[in-house]
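A.B. asks: Line order of the protein sequences matches chains D and L. Be aware that the first sequence starts at 1, since it is given in the working numbering, and climbs by one per residue. Be aware that the second sequence starts at 1, since it is given in the working numbering, and climbs by one per residue.
Because the hints were derived from the structure by calculation, they are not lab data. One thing to keep in mind: the hints can contain errors.
Stated by the list, open to error - Cross-link-like lysine-lysine pairs, in silico, DSS-like; alpha carbons within 25 Å at most:
no.	chain 1	residue 1	chain 2	residue 2
1	L	K475	D	K207
2	D	K102	D	K46
3	D	K298	L	K17
4	L	K13	D	K178
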Amino acid sequence: MIDRRLFIHFDWTLLGLVLTIASIGILNLYSITAHWEISGPPVYLKQTFWLLIGLALMITIAFIEYRFYSDFAYIVYAIALLFLVVVLAYGIITSGAQRWIKIGFINFQPSELVKISFILALAKFFHRPPGREGYSLKHLTFPFLLLMIPATLILKQPDLGTTIILVLVFFSILLFVKIRWSSLLAIIIVGASILPLVWRFLKEYQKRRIITFFNPDLDPLGAGYHLIQSKIAVGSGGIVGKGFMKGTQCRLGFLPEQQTDFIFSVLGEEWGLIGSLLVVLLYFSLILWGLRIAVRAKDRFGAVLSFGVVAILFWHIFVNIAMVLGLMPVVGIPLPLLSYGGSFLVSTLIGIGLLLNVSMRRYLF
Amino acid sequence: MMELNTQRMEDFKDRYKYFFAFAAIAFFMILISLWYLQVIKGSEYRLMSRNNCVRIRENPAARGMILDRKGRLLADNRPSFEVYLVPEDLQENPEVLVKVGQMLNMSPKEIKGRLQTEKKRTPFRPVKIKSDIEWNELTKLETNRVNLPGLFVDVRPRRTYPYGPLASHLIGYIGEIDENELRQSNESPYRMGAIIGKYGVEYQWETYLRGVDGGRRIEVDALGREIKEIRSVEPFPGNNLTLTIDFDLQKVAEDAFQEKTGALIAMDPKSGRILAMVSKPPFDPDTFARSISLEEWKSLTENSLSPLQNRGIQGQYPPGSVFKIITAIAGLETGAITPNTQMTCRGIYPYGNRDFRCWRKEGHGTINLHRAIVESCDIFFYQLGLKVGVDAIAHYAQEFGLGNLTGIALPHEKAGTVPSSSWKKKRLGAPWYSGETLSLAVGQGYVNATPLQLLGLISAIANGGRLYLPQVTEKVEDVYGNLLKEWPVSEIGRVGVSEKTLQIIQEALMGAVNDPRGTGWASVLEETKVAGKTGTAQVIKIPQNFKRGDMDRLPWKYRDHAWFVAYAPFEDPAIAVVVLVEHGGYGGAAAAPIAKKVIEKYLALKQVAPSKTAKRSMESD
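Given these sequences and hints, build the entire structure.
C.D. replies: Right under this line is the structure:
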């Protein structure tokens, strides 16, 4: 099954980009967590451990022919949903949200598995081409269900960030696969008219949460405060930064979740414009390269699958950095390859594995 | 394996450039804002980060008020001056600690202790070191404020209970959120140090009572003094909760209890609304509102009388003779006896190898059910119990809600126990002995119930068999007076007992109070007919040679519990009452007089109610 030509066509550019960003990520984590007094192994070592596991998985996934995955797409999707139900019933509650399942010594976050299985299922569905006009609303009922079930379950945890990512990825893929213009219009109109209706059914505290989400200034002690601290951190980095392990904002603990959702502000503070520019450009290259893979894929399944991975990466990167820079309300979304978190790192690398897979088979079939 | 599908691949190629452009714009936006933050605003932010000059000041909302049914205040807020220190600002000025200590009469050690209480504090978050300071302390601090970096005084709303311990178990208490509650609060983001309801309706309706906290973001100078306000959000007060209890009635009930230990609940038998709820000994919720000290907390929790327990719903006691109502109903409904069936009491009833006694040593002679209830004859009910059997008794006990939670919306309600043969098999792995039926028939042995459950029983007798959800809350209104929630009367079931049986029981309960031989004579009223049943629940097995009159000589904790359940007026019940006096001795002597005072007061209150007077004036026309 493994062809010699696979090695010739192996996508070294993609691998190089990923390894570079991931190394910066470990370095950055080391900078803020090295002085932490915690029991157990230090955070950066744990992250390195998950990076190695993820890389191994990535390579394995890359070398198994991707058509093989399409046979299991719906099964994997169903298993991921099952995990979501389990997490709601038996999951561990941390800071008010129920997102984790404990398996042995590992805390695993099923919503990460859902992202991958979601695009697998969509790719499987869209590998059958539409008519000349594109997909119609009737065609889209099933993919819409594929979105709604996990989105509702994840929203219940509650994990607004991941829900938003799923919705954004879904609509990105819809635009990619060509749906009828009339259908697109209908979706937009229906969506816009349903929103106020949903609003009326929300409970008072849910409304308030959404209002502060869009206007963090209304909660000057919580989200609003974090936002301004994050902006101070990035801004105070200036052009050259305060230097490795010299960030004061993060070290004094002004930033909540500094090792996960607000990791970019650490980078901005310590490495300044030069460092953050470099990372942003690396991300940009990753996205463009991924798009290229999607367009040059040999078949529909490969194209939609790789586009899905790119969409996940893009929305994570964009929403996270925009939030840290104060362009967007605070949503709990981590930054790929930079934020701390085993489940997220592994799922990102699985996605990269799928990209590598499609990329190196573009001449084969 | 799936077929490769390469149809219409051109769709994707068409769109490539749009996605490319979109990504480019997105990343360009990021670059622009990086440039703006780090280059244009860079030096400004650098200064801000050096001084750590952006601080937050919390401004918690006032909790909603708690009112009685006529709108009288039971829980309110008042302003309190609280002193805060910012530990980070003290590092360079350690003398502040000593100075502030002198002004507040606190040792530096004590203040340091306060500063270390919050472990996971965000930096520069002020720590409260003293609340509710006196006016002279306040003026001292304010005049010296310039020399005291890191100090500030704030006015915060403080919970206050104008009547102190009155209805304390119903109202409950508040306190600082603990780590467990912090972790589980997913509805709303509470902050460290937030005040939340911990018990009673303060706990139960926290979501209504809690307001929306406000806060200010301010800029401070290098000494931690406020320079300007960046952003401020006003707090929004919580909603006002109206209870079903009547303050006047509650007051009379509490006073009638004097120093006794026990519980009293009064309810409208036609709606399930609670009119008064007393549990003794009480506690003072104000102690909690001014952040309870460790010693105070210990003295409450380690007190052998457990003052923090709401005995009306959390205390489980053998129902004693009150349970005879159930046994009588079981007898009539199963057809084991008729109202005319006669049985003989000789004061002693040998069964198995034991002598079961009647409380009246000389016996009651040959009597029917009516007299047996009126005079609370034990031996009649021993025999009746044997006739109907344990499981029929258990069935009718459950019909009236015994052994199950009543569902009252208050924390920690207990369900009590209704034993049956299958219950004993499951719980104790042993068969039921018929001797145990004798104890059960008079409400002793395994059976126990909360006062609220027995109140449900007497209410159902009074209202013709309806079970209502007992409710303590009437409505919630926001600060503008808009109605947010109302609790309608909720009938949760009807007992499967015939009208005729209920009538027989009602008559007997009337006799128990009004008949000269009745045990509940102490609650007899001149103008209104009261119906009721006394009960005396044994705490320990009393030796056979023990004389009943010797009760007062027993150590307090071995004395019997006294019960009384009653309703009035007999013809058209408006109030049902349960009284339990722990170790009070005889129900007739200890509990009935308390119930009498409450019934009397409630009927007097109703007399002056405008609707009644209007009706009467119409009649006189």
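A.B. asks: All the hints need checking, so say for each whether the structure fits it.
C.D. replies: A quick look at each hint next to the structure:
1. Annotation: proposed proximity of K475 of chain L to K207 of chain D holds, straight-line Cα distance about 23 Å (limit 25 Å).
2. Distance check on the hinted pair: K102 of chain D and K46 of chain D sit about 17 Å apart at the alpha-carbon level, within 25 Å; holds.
3. A threshold of 25 Å between alpha carbons decides the hint, and for K298 of chain D with K17 of chain L the separation of about 18 Å falls inside it, so the pair holds.
4. Between K13 of chain L and K178 of chain D the alpha-carbon distance is near 11 Å, which keeps this suggested pair within the 25 Å criterion.
Against the hints set out earlier in the document, no violation occurs for any number.
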